[in-house]
Amino acid sequence: MTWQGWLQIALFAALVTLAVRPLGGYIAHIVESNGGRRRVETAIYRMAGIDPAEEQNWAGYARALLCFHFAGILVLYGLQRLQHGLPWNPQGLGPVAPDLAINTAVSFATNTSWQSYAGEATLSYFTQMAGITVQSFLSGATGVAVSIALTRGIARQSARTIGNFWVDLTRITLYILLPISILAALFLLWQGVPQTLASYIGATTMEGAHQLLARGPVASQEAIKLLSGDGGGFFSANSAHPFENPNALTGLVEILLIFLLGAALTNTFGRIVGDERKGWALFAVMATLFVGSVAAIYAGETASNPALAALASDRDPDSHGNMEGKEVRFGVAQSALFAAVSTASSDGAVNSMHDSFMPLSGGVLMANMMLDEVIVGGPGSGLFGILLFVIVATFMAGLMIGRTPEYLGKKIEANEVKMAMLALLCVPAFILGPAALASVIQEGLDGLGNAGPHGLAEILYAFTSAAATNGSAFAGLSAASPFYNLTLAAAMFAGRFFVIVPVLCIAGTLAAKRRVPASAGTLPTHGVLFVSFLVGLILIVGGLVFFPALAISPLAEHFAMLGGRAF
Amino acid sequence: MILGDVLILMLLAAAFAGATLYIDVCARMIVTDDSSADEPS
Chain A
35 MTWQGWLQIA
45 LFAALVTLAV
55 RPLGGYIAHI
65 VESNGGRRRV
75 ETAIYRMAGI
85 DPAEEQNWAG
95 YARALLCFHF
105 AGILVLYGLQ
115 RLQHGLPWNP
125 QGLGPVAPDL
135 AINTAVSFAT
145 NTSWQSYAGE
155 ATLSYFTQMA
165 GITVQSFLSG
175 ATGVAVSIAL
185 TRGIARQSAR
195 TIGNFWVDLT
205 RITLYILLPI
215 SILAALFLLW
225 QGVPQTLASY
235 IGATTMEGAH
245 QLLARGPVAS
255 QEAIKLLSGD
265 GGGFFSANSA
275 HPFENPNALT
285 GLVEILLIFL
295 LGAALTNTFG
305 RIVGDERKGW
315 ALFAVMATLF
325 VGSVAAIYAG
335 ETASNPALAA
345 LASDRDPDSH
355 GNMEGKEVRF
365 GVAQSALFAA
375 VSTASSDGAV
385 NSMHDSFMPL
395 SGGVLMANMM
405 LDEVIVGGPG
415 SGLFGILLFV
425 IVATFMAGLM
435 IGRTPEYLGK
445 KIEANEVKMA
455 MLALLCVPAF
465 ILGPAALASV
475 IQEGLDGLGN
485 AGPHGLAEIL
495 YAFTSAAATN
505 GSAFAGLSAA
515 SPFYNLTLAA
525 AMFAGRFFVI
535 VPVLCIAGTL
545 AAKRRVPASA
555 GTLPTHGVLF
565 VSFLVGLILI
575 VGGLVFFPAL
585 AISPLAEHFA
595 MLGGRAF
Chain B
3 MILGDVLILM
13 LLAAAFAGAT
23 LYIDVCARMI
33 VTDDSSADEP
43 S
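Protein chains in written order, with my numbering: chain A, 35 to 601; chain B, 3 to 43.
To be clear, the hints were calculated from the coordinates, so they are not data collected in a lab.
Be aware that a few hints might be false.
[Said to hold, decoys possible] Here chain B is said to cover these stretches of chain A; the calculated rule only asks that three of the stretch's residues, wherever they fall, bring their Cβ under 8 Å from a Cβ of chain B: (1) 97–110; (2) 155–164; (3) 413–426; (4) 535–544.
Just so it is clear, CB atoms sit at the ideal spot from N, CA and C, and this is done for glycine as well.
The whole structure should be built from the sequences, with the hints applied where relevant.
The following block contains the structure:
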């Protein structure tokens with residue numbers, strides 16, 4: 035490890051922390067302002083026949099959300115199947131196969147962005163712009179909307195409604211996602227990311243070979259891919275491709291964009307519930323888990339592979355650790371930081387190949403996702419994910435000290451705990467169940483690129499990434515088969531909507547309750563004690579559920595590697 | 003390919019029907035045990 039590497043990590047952490055308060059305040063202003071609608075917003079409501087003053091109860095909010103994404107999946111599926119007859123297809127790409135098309139449609143509508151396809155060889159410009167990019171905006175806005183609905187549920191008293199889904203979706207898209215992504219796209223354009231509708235271009239390499247260089251409307255898609263926590267790359271190599279991420283500066287800005295909304299929403303939460311300290315406590319939990327994660331990955335990648343220690347490159351004092359699968363222009367530190375950010379959030383963009391990480395680092399990447407993406411997480415999904423753990427933590431702390439569990443004056447009772455556990459158990463069920471199936475049937479084993487524990491890690495990573503709506507890939511698994519396309523689509527669908535529904539249900543039950551005034555017996559939920567308790571609970575719950583699976587994949591591979599055996 | 007599309011769309015419809023049913027199941031779970039809503043402190 036080098037001081038320059040740590041400086042990069044520290045600079046990133048400082049910039050994220052500095053952005054939390056101003057951006058959190060801006061988001062709170064946008065989602066909670068009742069007046070001051072602008073002309074575009076009003077026109078959208080009028081065209082769609084929406085009464086912005088009419089609020090929904092939790093079930094109405096959930097139904098609106100489901101119907102909206104059902105339509106989104108249908109549209110994206112249709113675009114892929116019919117792209118050969120649609121405009122802006124200069125490469126003449128044909129229709130996408132039905133199983134791959136539904137996998138991709140579900141993937142982007144659920145904010146996962148798992149890609150079983152190579153973007154530049156599969157999707158036309160029109161599909162990328164009207165399908166993929168649009169879903170990146172809308173799925174990101176949905177995540178933020180759900181977290182705001184839950185926040186309102188905690189903040190309101192004796193209320194039957196938690197907001198209006200259509201209003202939240204419109205405002206978040208128009209006033210938060212669009213302006214930031216336009217600025218980010220212009221920055222990326224300035225740094226050399228292409229933005230064109232012209233066809234791919236031929237080039238002659240220095241060896242005299244002919245090469246076709248893919249390009250297209252990359253900058254606009256890249257910006258929202260990062261900001262919305264979507265992560266689906268225009269190119270197959272994602273942010274490792276020089277046209278998506280040309281240099282170290284764009285690398286830094288890309289990871290900032292990934293964390294920006296997820297981190298700022300903790301402050302938005304604090305402002306809406308009327309106590310910013312609660313927001314900072316959640317941010318402290320996220321920061322603690324993130325620092326541990328990035329330190330473990332950076333240390334693991336710097337240590338390199340002992341089996342290669344005899345090679346000259348690794349004896350070199352200037353050697354920078356495990357460089358397999360990493361871009362030289364990013365090096366170990368930024369690759370480790372990018373990987374930690376990508377898996378701690380729900381983004382899933384990559385600037386290096388996670389399959390080539392050391393076994394323990396790969397295990398940490400998986401663990402980041404297995405913790406339900408609460409380490410900042412995706413825009414909104416990180417906040418509602420950590421609030422699910424807060425509910426369980428408050429309930430357990432209440433049991434331990436013999437007090438009625440309360441959070442921000444709301445009694446945490448059977449309804450909230452049942453729904454929180456339903457949401458928290460859904461993700462492990464859709465990771466471990468399909469992964470177990472894939473590891474024993476031929477259709478699953480056919481996709482493996484490696485044998486032994488590394489092969490199991492590839493399967494486990496794929497279903498973890500799908501059910502946790504992350505979307506990054508371990509890269510060793512050939513997942514473009516009907517079996518993987520359909521099972522991963524099911525995992526993504528359940529991992530998103532089967533979590534959101536109980537979250538909205540909790541919002542509804544909490545909104546209906548009155549606030550109990552704080553007393554001497556109230557457990558403080560913004561101090562070091564509660565933060566430590568919450569960190570411990572997240573690690574223990576995540577660890578206990580997934581430890582056996584991790585023990586027989588990355589951990590077993592690590593010890594086999596120390597014994598001189600590679601897979 | 004048309005048969006593939008029909009099968010996929012049927013699966014999708016079933017998934018959304020399941021998700022809608024899930025909303026109702028969650029609603030019933032809390033309605034049957036809703037003794038604490040709006041309870042005076």
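A quick look at each hint next to the structure:
Counting residues of the region 97–110 of chain A whose beta carbon lies closer than 8 Å to any beta carbon of chain B gives 5, which meets the minimum of three for the stated coverage. Using a Cβ-Cβ cut-off of 8 Å, 0 residues of the region 155–164 of chain A lie near chain B, which falls short of the minimum of three, so the contact claim is violated. Here's how the region 413–426 of chain A fares: 0 of its residues keep a CB closer than 8 Å to some CB of chain B, so the rule of at least three is not met and the hint is violated. Beta-carbon proximity to chain B at under 8 Å applies to 5 residues in the region 535–544 of chain A; the threshold of 3 is reached and the given coverage holds.
In the structure shown, a violation is registered for the earlier hints numbered 2 and 3, in ascending order.
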